[in-house]
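Number of protein chains: 2
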Amino acid sequence: MAAYAGIDLGGTNIKVGLFSQDMAILDQSSCRTEVEKGFHRVIGQMADSVRMLCERSGVALGDVRGVGIGCPGPVDTQAGLVVVAPNFPGWRDLPVRDALRRALGGTPTVLENDANVAAYGEFRAGVGRGYRSLAMITLGTGIGCGIVIDGRIHRGATDTAGELGHVTVHWGGRPCGCGRRGCLEPYASATGTVRRFRDALASGRSSIVTENGLSEEAITAKDIFEAAANGDALAWEIVDETVRYLAIGCDVMVNLVDPDIIVLTGGMIAAGDLLMKPLEKYAREMFFPRPKASTRLALTALGGDAGIIGAGFCAQDSFGTSAS
Amino acid sequence: MAAYAGIDLGGTNIKVGLFSQDMAILDQSSCRTEVEKGFHRVIGQMADSVRMLCERSGVALGDVRGVGIGCPGPVDTQAGLVVVAPNFPGWRDLPVRDALRRALGGTPTVLENDANVAAYGEFRAGVGRGYRSLAMITLGTGIGCGIVIDGRIHRGATDTAGELGHVTVHWGGRPCGCGRRGCLEPYASATGTVRRFRDALASGRSSIVTENGLSEEAITAKDIFEAAANGDALAWEIVDETVRYLAIGCDVMVNLVDPDIIVLTGGMIAAGDLLMKPLEKYAREMFFPRPKASTRLALTALGGDAGIIGAGFCAQDSFGTSAS
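Protein chains in written order, with my numbering: chain A, 103 to 426; chain B, 103 to 426.
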């Protein structure tokens with residue numbers, strides 16, 4: 103029986119899924135990424151996870167037709183390299199694809215950017231099923247984004263497509279982790295939301311978030327969204343600004359790429375309606391008439407599993423019997 | 103002998119090209135768009151131009167396998183409608199495609215957005231030849247944009263893709279013709295450049311542009327670029343800002359779509375190196391490493407003919423003998 107494996111390589115966890123020939127999930131695992139032990143240890147962790155899932159499912163490693171890996175940061179899909187990975191200190195132009203292939207006794211392996219893989223998973227098996235194009239935006243520490251056009255991952259000419267977090271929305275505005283100013287990320291990410299909130303506190307504003315005894319350093323985006331839901335004026339203001347900028351991000355996506363559906367995922371979507379209701383309102387106010395009427399905004403259906411599922415589909419596309 | 107016609111329907115002129123089977127240009131024409139005489143007159147003008155070119159080239163109308171039309175404004179390519187056309191008062195959901203087909207005795211006709219058609223012309227026969235993807239930015243009264251991905255026009259789910267002029271680059275900034283604020287268009291278009299220059303004059307700044315006797319109303323972007331080249335401080339400042347915003351537009355395009363090449367066209371490219379040299383500098387300062395190294399910025403090779411050539415190729419793609 104043919105099988106496929108999908109790996110979501112994160113700075114915190116390595117998630118792995120094993121899939122049947124028809125892409126039903128057989129088993130999955132998660133372990134802490136031992137990034138401090140270096141590149142070869144991380145490759146070993148991925149290989150061990152695949153072998154362990156095979157054993158648990160009674161699948162011979164030789165029956166695994168292919169492995170897909172979603173890796174953070176810019177990747178070189180042709181060469182199978184992770185170019186730079188922000189949460190993997192010192193990782194630069196590392197041959198993740200070929201190293202894993204060797205560690206798995208020559209099992210065919212394909213490498214993709216993690217945001218692209220998650221978008222593809224959602225497109226094939228989640229809320230994007232049945233559409234022709236999709237953009238998925240991950241709202242977390244940063245802003246990730248993957249794009250699927252006409253059923254295929256859109257990597258762009260230099261594997262740079264989908265860097266929504268670094269489109270300029272406010273020239274000369276807040277500093278971004280990328281070294282520039284005014285990118286979407288410092289406005290609409292969870293980290294950016296916390297930072298704007300702290301800046302407001304530092305300027306003398308008050309909020310129930312800290313009146314409840316929470317130290318400024320410990321504040322999370324969740325605390326701010328909760329305080330906003332409880333009527334805290336400052337928290338509401340900050341959340342409202344986050345959502346308005348996120349609407350700009352959706353609008354930029356529609357104005358350039360114009361996908362059928364924009365899917366949101368990442369830690370910040372735990373805010374649910376507090377995020378989605380105003381986002382629907384602000385985004386549709388901005389959209390031109392045709393996308394205003396038909397472009398769908400939705401929350402992920404696959405959640406944290408989108409990455410392993412998308413990576414599994416990438417493996418099937420590349421190495422399945424019907425692969426072109 | 104099979105032939106194809108390509109039409110560039112503009113608010114000022116109707117340009118038409120007649121092409122041989124292998125897309126060599128046989129003849130071309132241009133006439134003033136009699137938009138004031140209404141929809142049927144404009145359809146008649148397009149049909150008359152095609153017939154006239156056929157006669158002049160000794161091509162029977164029956165040998166014209168297909169006609170492509172590039173139309174301004176949002177178009178519905180499926181239904182063949184011009185949805186709204188800013189320079190055609192009252193044009194709304196008009197069946198341009200089917201009306202022209204009837205006026206040409208049933209000749210197969212295909213409708214596309216004008217910016218998309220021009221981008222496709224440049225991709226097939228201009229500076230974009232040999233690449234897989236291209237974005238073309240038209241700098242004129244507004245900012246037009248067409249995108250080609252993997253060799254095909256990228257229309258998007260709602261025919262809205264490529265609205266680069268209306269991505270937000272400065273939230274809450276200058277008003278845009280679309281009714282919103284902070285779009286790229288009021289910063290980087292020729293009209294926006296003139297408006298920012300006039301605003302600076304109104305605020306008390308001085309410039310050789312008006313000291314030479316030119317009235318404020320008569321100032322064009324060309325005058326401002328020329329004054330900048332001649333060392334006028336205010337003109338230089340305004341031009342510099344235009345180019346910086348245009349660099350942001352290129353960067354947004356790279357960050358979302360990541361094409362092989364970005365081509366500039368439109369009236370403002372007459373400024374030549376005064377535009378391209380600082381644009382190269384500012385854009386590459388913004389780009390991420392891989393596009394910084396490889397994404398090409400270039401001026402159009404086809405100029406004002408990109409539209410008719412692209413429309414001709416659209417006709418060939420849709421109705422040629424080898425059409426899929």
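Do not rely on the hints blindly, as some may be mistaken.
Stated by the list, open to error - Away from chain A, derived, C-beta distances all over 10 Å, residues of chain B:
(1) 146
(2) 158
(3) 205
(4) 257
(5) 261
(6) 262
(7) 282
(8) 336
(9) 388
(10) 392
(11) 395
(12) 420
(13) 422
Unchecked claim - Here are some, though not all, of the chain A residues that point toward chain B, as calculated from beta-carbon distances under 8 Å:
(14) 128
(15) 132
(16) 235
(17) 350
(18) 359
(19) 376
Honestly, the hints are just simulated from the structure, not real lab data.
For each residue, glycine too, the CB sits at the ideal point set by N, CA and C.
The hints, checked one at a time:
The beta carbon of residue 146 of chain B sits about 29 Å from the closest Cβ of chain A, which is more than 10 Å, so the claim that it is off the interface holds. Every CB of chain A is more than 10 Å from the CB of residue 158 of chain B (nearest about 39 Å), matching its label as outside the interface. Look at residue 205 of chain B: its CB is around 27 Å from the nearest CB on chain A, clear of 10 Å, so calling it non-interface holds up. Separation of residue 257 of chain B from chain A is inadequate, the least Cβ-Cβ distance of about 7 Å not exceeding the 10 Å criterion.
Look at residue 261 of chain B: its CB is around 7 Å from the nearest CB on chain A, not clear of 10 Å, so calling it non-interface is violated. Its beta-carbon lying about 4 Å from the closest one in chain A, residue 262 of chain B breaks the requirement of being farther than 10 Å from that chain. Distance check for residue 282 of chain B against chain A: the nearest CB is about 7 Å away, which does not clear 10 Å, and the non-interface claim fails. For residue 336 of chain B, the shortest C-beta to C-beta distance to chain A comes to about 20 Å, beyond the 10 Å cut-off, and the non-interface label holds.
At roughly 7 Å from the closest C-beta of chain A, the C-beta of residue 388 of chain B falls inside 10 Å, breaking its exclusion from the interface. Annotated as non-interface, residue 392 of chain B brings its C-beta within 10 Å of a C-beta of chain A; the closest such distance is 4 Å. At the 10 Å boundary, the C-beta of residue 395 of chain B falls inside the reach of chain A, the nearest C-beta of that chain being 8 Å off. With a minimum CB-CB distance of about 18 Å to chain A, residue 420 of chain B clears the 10 Å threshold, and the non-interface call stands.
The Cβ of residue 422 of chain B lies farther than 10 Å from every Cβ of chain A, with a closest approach of about 21 Å, so its non-interface assignment holds. Proximity of residue 128 of chain A to chain B is violated relative to the hint, the smallest CB-CB distance being about 34 Å (cut-off 8 Å). Interface restraint check for residue 132 of chain A: the shortest CB-CB distance to chain B comes to about 30 Å, outside 8 Å, so the restraint is violated. Below 8 Å, beta-carbon pairs count as interface contacts, and residue 235 of chain A has one with chain B at about 6 Å; its hint therefore holds.
Proximity of residue 350 of chain A to chain B holds as hinted, the smallest CB-CB distance being about 5 Å (cut-off 8 Å). At its closest, the beta carbon of residue 359 of chain A sits 6 Å from a beta carbon of chain B; the interface hint therefore holds under the 8 Å criterion. Against a cut-off of 8 Å between C-beta atoms, the interface hint on residue 376 of chain A is violated, since the closest Cβ of chain B lies about 21 Å away.
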